[in-house]
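**Student:** Letter by letter, the chains look like this.
Protein chains: 2
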Amino acid sequence: MNLFVIGLGLIGGSMAIDIRNLNEDFRIFGIDNNPDHLDEALTLGLIDEKAEFDELHKADMVIVSVPVNAALKVVPEVLEKVNDEALVIDVGSTKSNICSLLSEHPRRRNFLATHPIAGTEYSGPSAAIPNLYKGKTNIICEVEKTAFKLQEKAMKIFYDLGMRIRYMEPNAHDKHIAYVSHLSHISSFMLGKTVIEKEKNERDIFDMAGSGFESTVRLAKSSPAMWQPIFELNKENVIETLDEYIQNLQQFKDLMEKEDFDAIYREMADTNRIKDILKGISIKTT
Amino acid sequence: MNLFVIGLGLIGGSMAIDIRNLNEDFRIFGIDNNPDHLDEALTLGLIDEKAEFDELHKADMVIVSVPVNAALKVVPEVLEKVNDEALVIDVGSTKSNICSLLSEHPRRRNFLATHPIAGTEYSGPSAAIPNLYKGKTNIICEVEKTAFKLQEKAMKIFYDLGMRIRYMEPNAHDKHIAYVSHLSHISSFMLGKTVIEKEKNERDIFDMAGSGFESTVRLAKSSPAMWQPIFELNKENVIETLDEYIQNLQQFKDLMEKEDFDAIYREMADTNRIKDILKGISIKTT
Numbered sequence: 000m001n002l003f004v005i006g007l008g009l010i011g012g013s014m015a016i017d018i019r020n021l022n023e024d025f026r027i028f029g030i031d032n033n034p035d036h037l038d039e040a041l042t043l044g045l046i047d048e049k050a051e052f053d054e055l056h057k058a059d060m061v062i063v064s065v066p067v068n069a070a071l072k073v074v075p076e077v078l079e080k081v082n083d084e085a086l087v088i089d090v091g092s093t094k095s096n097i098c099s100l101l102s103e104h105p106r107r108r109n110f111l112a113t114h115p116i117a118g119t120e121y122s123g124p125s126a127a128i129p130n131l132y133k134g135k136t137n138i139i140c141e142v143e144k145t146a147f148k149l150q151e152k153a154m155k156i157f158y159d160l161g162m163r164i165r166y167m168e169p170n171a172h173d174k175h176i177a178y179v180s181h182l183s184h185i186s187s188f189m190l191g192k193t194v195i196e197k198e199k200n201e202r203d204i205f206d207m208a209g210s211g212f213e214s215t216v217r218l219a220k221s222s223p224a225m226w227q228p229i230f231e232l233n234k235e236n237v238i239e240t241l242d243e244y245i246q247n248l249q250q251f252k253d254l255m256e257k258e259d260f261d262a263i264y265r266e267m268a269d270t271n272r273i274k275d276i277l278k279g280i281s282i283k284t285t
Numbered sequence: 000m001n002l003f004v005i006g007l008g009l010i011g012g013s014m015a016i017d018i019r020n021l022n023e024d025f026r027i028f029g030i031d032n033n034p035d036h037l038d039e040a041l042t043l044g045l046i047d048e049k050a051e052f053d054e055l056h057k058a059d060m061v062i063v064s065v066p067v068n069a070a071l072k073v074v075p076e077v078l079e080k081v082n083d084e085a086l087v088i089d090v091g092s093t094k095s096n097i098c099s100l101l102s103e104h105p106r107r108r109n110f111l112a113t114h115p116i117a118g119t120e121y122s123g124p125s126a127a128i129p130n131l132y133k134g135k136t137n138i139i140c141e142v143e144k145t146a147f148k149l150q151e152k153a154m155k156i157f158y159d160l161g162m163r164i165r166y167m168e169p170n171a172h173d174k175h176i177a178y179v180s181h182l183s184h185i186s187s188f189m190l191g192k193t194v195i196e197k198e199k200n201e202r203d204i205f206d207m208a209g210s211g212f213e214s215t216v217r218l219a220k221s222s223p224a225m226w227q228p229i230f231e232l233n234k235e236n237v238i239e240t241l242d243e244y245i246q247n248l249q250q251f252k253d254l255m256e257k258e259d260f261d262a263i264y265r266e267m268a269d270t271n272r273i274k275d276i277l278k279g280i281s282i283k284t285t
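First to last, the sequence lines map onto chains A and B.
Each residue of the first sequence is one higher than the one before, counting from 0 in numbering that gives the first Met the number 0.
Each residue of the second sequence is one higher than the one before, counting from 0 in numbering that gives the first Met the number 0.
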């Protein structure tokens, strides 16, 4: 079985590690437009050999794990080059654009649109880790458009990685994910920005910040190369979530200015039920 | 040595655990206006016995770890009741109010204003854990107003707990801490609120949220009873940080609406240097 992984960062690299460990008969080929990343992936043992687009005819399976705007160019090109039995999977964080783009593609049946909800704030081949996907959700869009035999092939891999499958429409996916993932990243980046701007003396941040600050700004370490295209391709939904978030913050500030601290207490007490929701996430991921 | 701990939650309880483990000759008395918490603290071994305000004349040292508004009532009352050699420490997250209130107090020399920057999102006696303070910063305000012998007594305890000391003016403390702690909590609470409001179906949050969401909303589990008074007593500074945070978010939204994704990339890339700052915090706390 020949597996091609295009884009050898955190997501593609981590998938390669687990697939390799679970399937001795897989030969893993790597493609990346950054030659340093490709060398690194080879040295780290994420891939068996470096490859080119022209070799894609040998592929039984292709995982495309590149920024979401790049995927819009790469996936159609891959579909042109693979053979008729090959499975092509994309794993990007937005799904409407790629699904629309490919809706009438003659090789649509070879393609499976997925979003494995897993990651860390690190990037590049050295960020790849084993078991990243264990217990995580994989959202699959428009499953009915993929050939049944290829669906089965993909599911076998996802189950082996320990993932739970959830099926969604691309538009619903993009709307929900804006709230539970994309907004968290903006909130974190802007929090980091606000503090850095104010605390010109970084020593003060070092000395005074505790684990709470660390946890809320962790995502501000994330890769702009990955996230800028996500925000671009999910623009409408992200703007809507940002709007609501800003309104809630503004309302909190108004309550502060009016000194309505009873209302502020209630705001916090009402939101405390996030505890139960987070408990669900923890149980899922451990 | 008789130590009284007033308020047996996360902060006071964790301090009691470490002081107990390090000093066999301490007898620890607990006071709490919640009788259930007091019983729990006794059962958990955080304290040796339950006590009342009228017994404070026996105290060599008193730690007041109650919500910051309650401290404004409790600390003066404690200072009235203790003997002339006793040390009274408060550990609240705002320092200007308590320092102003006590500036002319006849027992001012018995009082030390501190803010150990440590905690978790949990509360109550059962949240108390050993080694919470190891490697953390303790900010001490107006140290010169405390009797030298009592300063020494306090420092011995803080060093034993593994804390690093930093001296600051109360107003500077309240301003900086609004950025690196209080704002993180509001950002987290409002993020939790925005998502809960939208995702009426909690199943969707469970299924779609990953570790990034978990990390950014973790602080939304925090106790309103502790945080409402902090926001109230640090009102001006908190409003200022909120203002700047909202402006940064609004500007990000404007860039999204103008489709200036190059600028969005730069915003994120500029904020990425938070990595180095967080590295500093991690080194400090591990």
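Don't read these hints as lab results, they were simulated from the structure.
In this text the structure is predicted, and so the values were computed from the model without any measurement.
Among the clues, some could well be false.
Pairs count within a copy or across copies, as identical chains cannot be separated in the list.
Heads up, simulated DSS-like pairs for lysine-lysine below, C-alpha to C-alpha not over 25 Å straight-line [unchecked claim]:
(1) K197 x K144
(2) K252 x K278
(3) K274 x K197
(4) K234 x K174
(5) K49 x K252
(6) K252 x K197
(7) K257 x K133
(8) K155 x K234
(9) K152 x K49
(10) K278 x K234
(11) K197 x K49
**Student:** Now tell me, hint by hint, if it's right for this structure.
**Tutor:** Do the hints match the structure? See the list:
For the identical chains of this complex, K197 and K144 are neighbours neither inside a copy (51 Å) nor across copies (30 Å), given an alpha-carbon limit of 25 Å. In the homo-oligomer, the alpha carbons of K252 and K278 never lie at most 25 Å apart, since the shortest distance is 29 Å inside one protomer and 31 Å across protomers. Only between protomers do K274 and K197 lie at most 25 Å apart by alpha-carbon distance; the minimum there is 17 Å, versus 31 Å within a single protomer. Taking CA atoms no more than 25 Å apart as the test, K234 paired with K174 passes inside one copy only; the shortest distance there is 10 Å, against 35 Å between copies.
With identical chains, the CA atoms of K49 and K252 are never at most 25 Å apart, being 54 Å at best within one copy and 41 Å at best between copies. Proximity of K252 to K197 under the C-alpha cut-off of 25 Å is found in both arrangements, the shortest distances being 19 Å within a copy and 21 Å between copies. Taking CA atoms no more than 25 Å apart as the test, K257 paired with K133 passes in neither setting, with 48 Å inside one copy and 39 Å between copies. For the homomeric pair K155 and K234, neither the shortest alpha-carbon distance inside one copy (34 Å) nor that between copies (55 Å) is at most 25 Å.
Only within a single protomer do K152 and K49 lie at most 25 Å apart by alpha-carbon distance; the minimum there is 24 Å, versus 65 Å between protomers. In this homomeric assembly, K278 and K234 never come within 25 Å of each other (Cα to Cα): the closest approach is 30 Å inside a single copy and 32 Å across copies. In this assembly of identical chains, K197 and K49 lie within 25 Å of each other by CA distance neither inside one copy nor across copies; the values are 46 Å within and 45 Å between.
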